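Colleague: Position chains Z, Y and B with the ligands relative to chain V; hints supplied.
Protein chains in written order, with the working numbering: chain V, 131 to 410; chain Z, 131 to 410; chain Y, -19 to 98; chain B, -19 to 98.
Just so you know, these hints were derived from the structure itself, not from any lab. Heads up, a few of these hints could be off.
Sample of chain Z residues facing chain Y (criterion: CB under 10 Å; computed from the structure) [unchecked claim]:
1. W160
2. L196
3. Y210
4. G216
5. G333
6. Q360
7. A368
8. G371
9. P385
Under the rule of at most 25 Å between Cα atoms (straight-line distance), these lysine to any residue pairs were calculated in the SDA-like manner [what the hints assert, rightly or not]:
10. Z:K161 to Y:G72
11. Z:K179 to Z:S308
12. Y:K15 to Y:G(-8)
13. B:K15 to V:Q152
14. V:K171 to V:E389
15. B:K15 to V:P221
16. Y:K90 to Z:A241
17. Z:K297 to Z:R341
18. Y:K15 to Z:D151
19. V:K293 to B:R(-13)
20. Z:K154 to Y:Q75
21. Z:K293 to Z:E408
22. V:K154 to V:P144
23. Z:K153 to Z:V212
24. V:K153 to B:G96
25. V:K179 to V:A159
26. V:K154 to V:W273
27. Y:K41 to V:E251
28. B:K90 to V:Y394
29. Z:K161 to Z:R219
30. V:K293 to Z:D242
31. V:K179 to V:P310
32. Y:K15 to Z:Q152
33. V:K154 to V:M131
34. V:K154 to B:P95
35. Z:K161 to Z:K171
36. Y:K90 to Z:E337
37. B:K15 to V:S209
38. V:K293 to V:R304
39. Z:K293 to Z:A241
40. V:K297 to Z:S358
All figures in this text were calculated on a predicted structure; none of them were measured in a lab. Using N, Cα and C, we set each Cβ at its ideal position, and we do this for glycine too.
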Amino acid sequence: MATVVAGIGSSHVPSIGRAYDQKKQNDPAWKPLFDGYEPVKRWLAEEVKADVVILVYNDHGTEFFLDRYPTFALGVADSYRVADEGYGRRPLPDFPGHADLSVHLANQLLADEFDLTLCQEMELDHGFLTAMPLLWSHDDDDWPVKVVPLLVNVIQHPLPSGKRCYKLGQALRRAIESFPEDLRVAVVGTGGLSHQLNGERFGFINEEWDRQWLRDIQDKPEALAELSHQEVMTAAGAEGGEVIMWLVMRGALTPQVREVHQFYYAPMTTGISVLALENT
Amino acid sequence: MATVVAGIGSSHVPSIGRAYDQKKQNDPAWKPLFDGYEPVKRWLAEEVKADVVILVYNDHGTEFFLDRYPTFALGVADSYRVADEGYGRRPLPDFPGHADLSVHLANQLLADEFDLTLCQEMELDHGFLTAMPLLWSHDDDDWPVKVVPLLVNVIQHPLPSGKRCYKLGQALRRAIESFPEDLRVAVVGTGGLSHQLNGERFGFINEEWDRQWLRDIQDKPEALAELSHQEVMTAAGAEGGEVIMWLVMRGALTPQVREVHQFYYAPMTTGISVLALENT
Amino acid sequence: MSEQNDRWGIPGTYVFDLQLSRRGYAINRMCNSLKLEENRAAFVADEEAYMSRYGLDDEQKQAVRERDWLRLTQLGGNLFFFLKLAATVGHGLYQIGAQMRGESYETFMKTRQVPGAV
Amino acid sequence: MSEQNDRWGIPGTYVFDLQLSRRGYAINRMCNSLKLEENRAAFVADEEAYMSRYGLDDEQKQAVRERDWLRLTQLGGNLFFFLKLAATVGHGLYQIGAQMRGESYETFMKTRQVPGAV
Ligand SMILES: [Fe+3]
Ligand SMILES: [Fe+3]
Chain V
131 MATVVAGIGS SHVPSIGRAY DQKKQNDPAW KPLFDGYEPV KRWLAEEVKA
181 DVVILVYNDH GTEFFLDRYP TFALGVADSY RVADEGYGRR PLPDFPGHAD
231 LSVHLANQLL ADEFDLTLCQ EMELDHGFLT AMPLLWSHDD DDWPVKVVPL
281 LVNVIQHPLP SGKRCYKLGQ ALRRAIESFP EDLRVAVVGT GGLSHQLNGE
331 RFGFINEEWD RQWLRDIQDK PEALAELSHQ EVMTAAGAEG GEVIMWLVMR
381 GALTPQVREV HQFYYAPMTT GISVLALENT
Chain Z
131 MATVVAGIGS SHVPSIGRAY DQKKQNDPAW KPLFDGYEPV KRWLAEEVKA
181 DVVILVYNDH GTEFFLDRYP TFALGVADSY RVADEGYGRR PLPDFPGHAD
231 LSVHLANQLL ADEFDLTLCQ EMELDHGFLT AMPLLWSHDD DDWPVKVVPL
281 LVNVIQHPLP SGKRCYKLGQ ALRRAIESFP EDLRVAVVGT GGLSHQLNGE
331 RFGFINEEWD RQWLRDIQDK PEALAELSHQ EVMTAAGAEG GEVIMWLVMR
381 GALTPQVREV HQFYYAPMTT GISVLALENT
Chain Y
-19 MSEQNDRWGI PGTYVFDLQL SRRGYAINRM CNSLKLEENR AAFVADEEAY
31 MSRYGLDDEQ KQAVRERDWL RLTQLGGNLF FFLKLAATVG HGLYQIGAQM
81 RGESYETFMK TRQVPGAV
Chain B
-19 MSEQNDRWGI PGTYVFDLQL SRRGYAINRM CNSLKLEENR AAFVADEEAY
31 MSRYGLDDEQ KQAVRERDWL RLTQLGGNLF FFLKLAATVG HGLYQIGAQM
81 RGESYETFMK TRQVPGAV
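Just chain V, same shape as in the assembly (with noise of 0.2 Å):
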């Protein structure tokens, strides 16, 4: 049986993958931020040894344009893409898939009532990628772990609620449980926290919001859930909006969660953040 063994948070911010790439760790205005994931790093390098990581991501106008939007799209493939945000590829290797997974859970999550867009093609943007290098180390040809990516549409209202996005979360545990082979499922939530890159209130962050966020999204998931986008967006910012897909990893933990790392750090125009979780 399969068995989720991390739940992780994680901002996607375009700019932390132009810093990794140019080996910025030590830089003082990004130093902060990779000392902040390195002991979740560690942490599931050396105790959780994942063997599939499912990430929740959104796409920003790479792969999927306004022509035909999903709702919910669950890649299905045997490795995906990097894919070109229009500034090159980034030096990352392409993802192995782990398509019997991907297979069993659109099975699973269809004959649950979730209405999937299934592609057997996908590149991966920024919303993606950000979190990866961050979490896994990798060699220049491969990763650690297989990957399963799971794409919410954020970016046009209207989106599925926060509590579609949570019970999403509680269908996927059900299905990675029902999962024959012994596999073990890190499932990452990407996207946030506040930020907006929208109109007259460009730039504004909540830290305030976000520090209560990270608390109550792991003593209070169903009362995030609750929120409307309307709220969310008004606390969080426009694009802060995209805190939703942290619900989906949360419903796929257990009702109690205990708190491996939390990491926070507002540089610019995006509050970023790690938060690692696992069952009790």
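Modeller: Same frame as chain V, now just chains Z, Y and B with the ligands:
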């Protein structure tokens, strides 16, 4: 308030479109078919007088490819083009959309936890086209009704369950009835009845099952919605499995319905039917 | 009706599920490309090169060469996509069907109620 | 922060909902096309022709001409798509942001905690 004024089940078969375009209405092989639709066309024109048609259909390798296959996709455009399925575009006018209704349905259905793919561009193949000119008279460049296309994956398993389709219909009705404008809405479910275009069993038809379906969709839709895909495909053929699209239409009607007209004809490889229902 | 897709157990039937769809992805991707006239011309001009370009494996290539629609179905080809290939090489739906059934076109048509309705 | 998308009532914010997305579809479709180098070159060579090809209306064209990112947002442009246009014409994210706020780039950067983290 908008209301559902008619529910229609109708097969979609490419050869019907060809017969229509080639004006074979009086060809002995085709006359029964066109005559069979005539009373429904008259009823729609003289009594129902719908403003909008929500037509539930599937694409047949025309517009959607397996790279990203949606479970449910809703059109939200001002107009929809007639697709070229490889034999040239059919000489039918493009379809005017009812975008305001589409946007309302998208918002309501997402809030009701249906995870739609939303389409601002969508060309329509015979899944959509077959029924339209048999049900509504058109002139060279317009239709007497506006349309909202609703696509269902019936091609690549996992499909949505029959139950999920029925629930989608019920949610569709709630969404229609919460639209503030007075609109008369017809819902058309297309596809089926029994047929198979696959394997050694190519050409399989089950007329008895089809006739039972035409009764049960009226009186026992919930029992039909409980059937598994395997049960339906075993009885109605692999491609007959698409009858789940009729359940969306049926779900949008009242629990009790009245039959206005029924017609069945199985000349070649498909049990072709039109069934017109109204709320009681 | 000996063969079937074993996951489903419906005789003479290859249910197009994700496993089969993944198996046949190269075929269907190639067939889908034949929507465009220029691609149809390229296929006709050099079938082998075209199949290689889309990454068909040896079994799939052989099924295409032999216009063996049943085999192509078993290898993950989906009719709605390979109809574009069939049209390119001049095969029609009922010809495909007769071949899948292991019958001649004429024999197949005799099994239909109104063979005039084509 | 006077303007907003009235359906949502969040000051200084234009929530990208279906209505706004439909309003800005031509913009976003054009911007999306700028993923390809050849299209970027065509845009640079003849901006007006390129905008007409994608069916932008007069207001939208004017916002593009003026590189008025706030106006473009109000007209349905989505940042994730118009970043491709911005890159084509040499504007960066923080420049766009400063302009939307009605500030100079320098003033905007002074509001940041760690402006070195770009
Ligand atoms: Fe994002
Ligand atoms: Fe169909």
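Colleague: Within 25 Å, alpha carbon to alpha carbon, are V:K154 and V:P144?
Modeller: holds (14 Å)
Colleague: Hinted pair, alpha-carbon criterion (25 Å max): V:K153, B:G96. Please report holds or violated.
Modeller: holds (15 Å)
Colleague: Per the CB criterion, is Z:G333 less than 10 Å away from chain Y?
Modeller: holds (6 Å)
Colleague: For the pair supplied as a hint, V:K154 and V:M131, is the alpha-carbon distance within the 25 Å limit?
Modeller: Not satisfied, since the Cα-Cα distance of roughly 41 Å exceeds 25 Å.
Colleague: So if I understand the rule, the pair passes when the alpha-carbon distance is 25 Å or less; does V:K171 with V:E389 pass?
Modeller: Given that 25 Å is the threshold and the Cα spacing comes to 15 Å, the pair holds.
Colleague: Compare the distance between the alpha carbons of V:K293 and V:R304 with 25 Å, and conclude whether the hinted pair is satisfied.
Modeller: holds (17 Å)
Colleague: Quickly compare the C-alpha distance for Z:K153 and Z:V212 to 25 Å and report which way the hint goes.
Modeller: holds (19 Å)
Colleague: Given Z:A368 as an interface hint, is its Cβ closer than 10 Å to any Cβ of chain Y?
Modeller: Z:A368 check passes; min Cβ-Cβ to chain Y is 5 Å, inside 10 Å.
Colleague: Let's test the interface hint: is any C-beta of chain Y closer than 10 Å to that of Z:Y210?
Modeller: Because about 18 Å separates Z:Y210 from the closest Cβ in chain Y, which is outside the 10 Å limit, the hint is violated.
Colleague: What's the verdict on Z:K293 and Z:A241, does the C-alpha distance respect the 25 Å limit or exceed it?
Modeller: holds (19 Å)
Colleague: Within a Cα-Cα threshold of 25 Å, do Z:K179 and Z:S308 meet the stated pairing?
Modeller: holds (20 Å)
Colleague: Would the hint linking V:K179 and V:A159 be met if the CA-CA limit is 25 Å?
Modeller: Roughly 31 Å separates the two Cα atoms, so the pair is violated.
Checked against the numbered hints above, the structure breaks hints 3, 9, 12, 16, 25, 33 and satisfies the rest.
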